[in-house]
Amino acid sequence: MIRYMRQALVLIVAASGAAAFVNAVRPKPLPWVIDRQTSVNPGENPQLAAEASISLEALRRHLADMSATIVDARKPDEYNEAHLAGAINLPSTEKEQHLDLVYQRLPRNGLIIIYCGGGNCEASAEVFSFLVSSGFRKENLRIYHEGWDVLGRLNDIPIAHGME
Amino acid sequence: MMDAGRNGRFVLGLLAWGLGAIFVYAAVLKIRDPAAFAQAIKYYKLMPLGTVNAMALLLPWWELAAGLAILVPHWRRAGAGVIFALLLVFTVAVGLAIARGLDISCGCFGTASRKNTTSTLLGDLGMLAAAWIVLTGGALRRSPFFPRTQLETPTTAAQGAAR
Numbered sequence: 001m002i003r004y005m006r007q008a009l010v011l012i013v014a015a016s017g018a019a020a021f022v023n024a025v026r027p028k029p030l031p032w033v034i035d036r037q038t039s040v041n042p043g044e045n046p047q048l049a050a051e052a053s054i055s056l057e058a059l060r061r062h063l064a065d066m067s068a069t070i071v072d073a074r075k076p077d078e079y080n081e082a083h084l085a086g087a088i089n090l091p092s093t094e095k096e097q098h099l100d101l102v103y104q105r106l107p108r109n110g111l112i113i114i115y116c117g118g119g120n121c122e123a124s125a126e127v128f129s130f131l132v133s134s135g136f137r138k139e140n141l142r143i144y145h146e147g148w149d150v151l152g153r154l155n156d157i158p159i160a161h162g163m164e
Numbered sequence: 165m166m167d168a169g170r171n172g173r174f175v176l177g178l179l180a181w182g183l184g185a186i187f188v189y190a191a192v193l194k195i196r197d198p199a200a201f202a203q204a205i206k207y208y209k210l211m212p213l214g215t216v217n218a219m220a221l222l223l224p225w226w227e228l229a230a231g232l233a234i235l236v237p238h239w240r241r242a243g244a245g246v247i248f249a250l251l252l253v254f255t256v257a258v259g260l261a262i263a264r265g266l267d268i269s270c271g272c273f274g275t276a277s278r279k280n281t282t283s284t285l286l287g288d289l290g291m292l293a294a295a296w297i298v299l300t301g302g303a304l305r306r307s308p309f310f311p312r313t314q315l316e317t318p319t320t321a322a323q324g325a326a327r
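Those protein sequence lines, which keep their order, are chains A and B.
Per the numbering used here, the first sequence starts with residue 1, numbered consecutively.
Per the numbering used here, the second sequence starts with residue 165, numbered consecutively.
Everything labelled a hint here was simulated from the structure, so no lab data went into it.
Just so you know, these numbers come straight off a predicted model, no measurement behind them.
Everything hinted at is true.
Computed cross-link-like contacts, DSS-like style, restricted to lysine-lysine with a CA-CA straight-line distance of at most 30 Å:
1) B:K209 - A:K95
2) A:K95 - A:K138
3) A:K28 - B:K209
4) A:K28 - A:K95
5) A:K138 - A:K28
6) B:K209 - B:K279
7) A:K75 - A:K95
8) B:K279 - A:K28
9) A:K75 - A:K138
10) B:K279 - A:K75
11) A:K75 - B:K209
12) A:K138 - B:K209
13) A:K75 - A:K28
14) A:K95 - B:K279
Make a model of the complete structure from these sequences and hints.
Shown next as structure tokens:
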């Protein structure tokens with residue numbers, strides 16, 4: 001019994017060492033503790049989350065004069081069901097597979113407004129961080145935190161279905 | 165006549181290899197993308213934010229070490245013990261996520277993960293049972309999964325001989 005516990009301890013210690021080593025030599029190491037400064041998640045960095053948020057009125061204005069690119073961060077099936085007309089689907093769960101879309105369809109210097117399901121959805125924050133790490137400027141990115149929960153109930157904004 | 169000892173060892177080996185393969189596979193997928201696994205852990209809303217990344221970095225390597233150890237006879241019990249402990253944590257986490265109605269991916273197999281459902285939970289419980297059997301391997305004949313009577317009672321032996 002003692003022998004097995006000692007062996008298990010050896011396993012854990014050796015594996016932890018390997019984890020630290022591999023993370024250290026990785027091209028982009030994951031910080032051991034989350035850096036709250038670069039996060040836009042309201043729970044982690046309320047200040048940046050507040051700065052990046054956009055109100056429904058402002059969103060409506062940008063929709064009306066088409067002065068912003070809209071990104072839908074929800075899953076493709078949710079997007080297909082219904083989304084803001086003209087919104088580009090960049091699912092937070094498979095954003096790495098959509099790099100072509102990021103570089104071809106998102107403006108480098110224009111305003112980008114991101115939304116997801118609403119409530120506590122974290123997809124927008126994830127896409128926000130992803131875009132920042134892909135070279136987009138924080139100042140050009142906004143999140144509509146209330147998301148589809150609210151947008152889906154409005155009947156005076158253009159809604160589209162299926163892929164765009 | 166079946167040789168209970170050999171059969172038992174065969175079943176143990178099969179369970180150990182099954183668990184080992186699953187754990188190594190799951191570990192490699194998560195080691196390739198620790199950031200995605202950190203996100204998956206975050207969605208469970210069980211861990212303090214400060215510990216999420218450390219968990220995401222360490223857990224897959226513990227899985228890998230345990231998954232490899234369970235394949236080596238001399239290390240089998242230790243590997244099974246670590247796997248059992250990890251599975252306990254996973255099962256509780258998945259159970260709580262389902263109970264709290266969190267609509268999240270299990271995160272078990274990196275980006276190839278499916279959403280948490282009761283079948284995720286059943287899978288975890290099945291693996292827990294398998295890990296327990298491997299862990300208590302020496303006591304196999306006394307374990308409830310392989311009742312001694314079924315394997316080698318004189319009556320069954322006699323019946324076998326009579327036929």
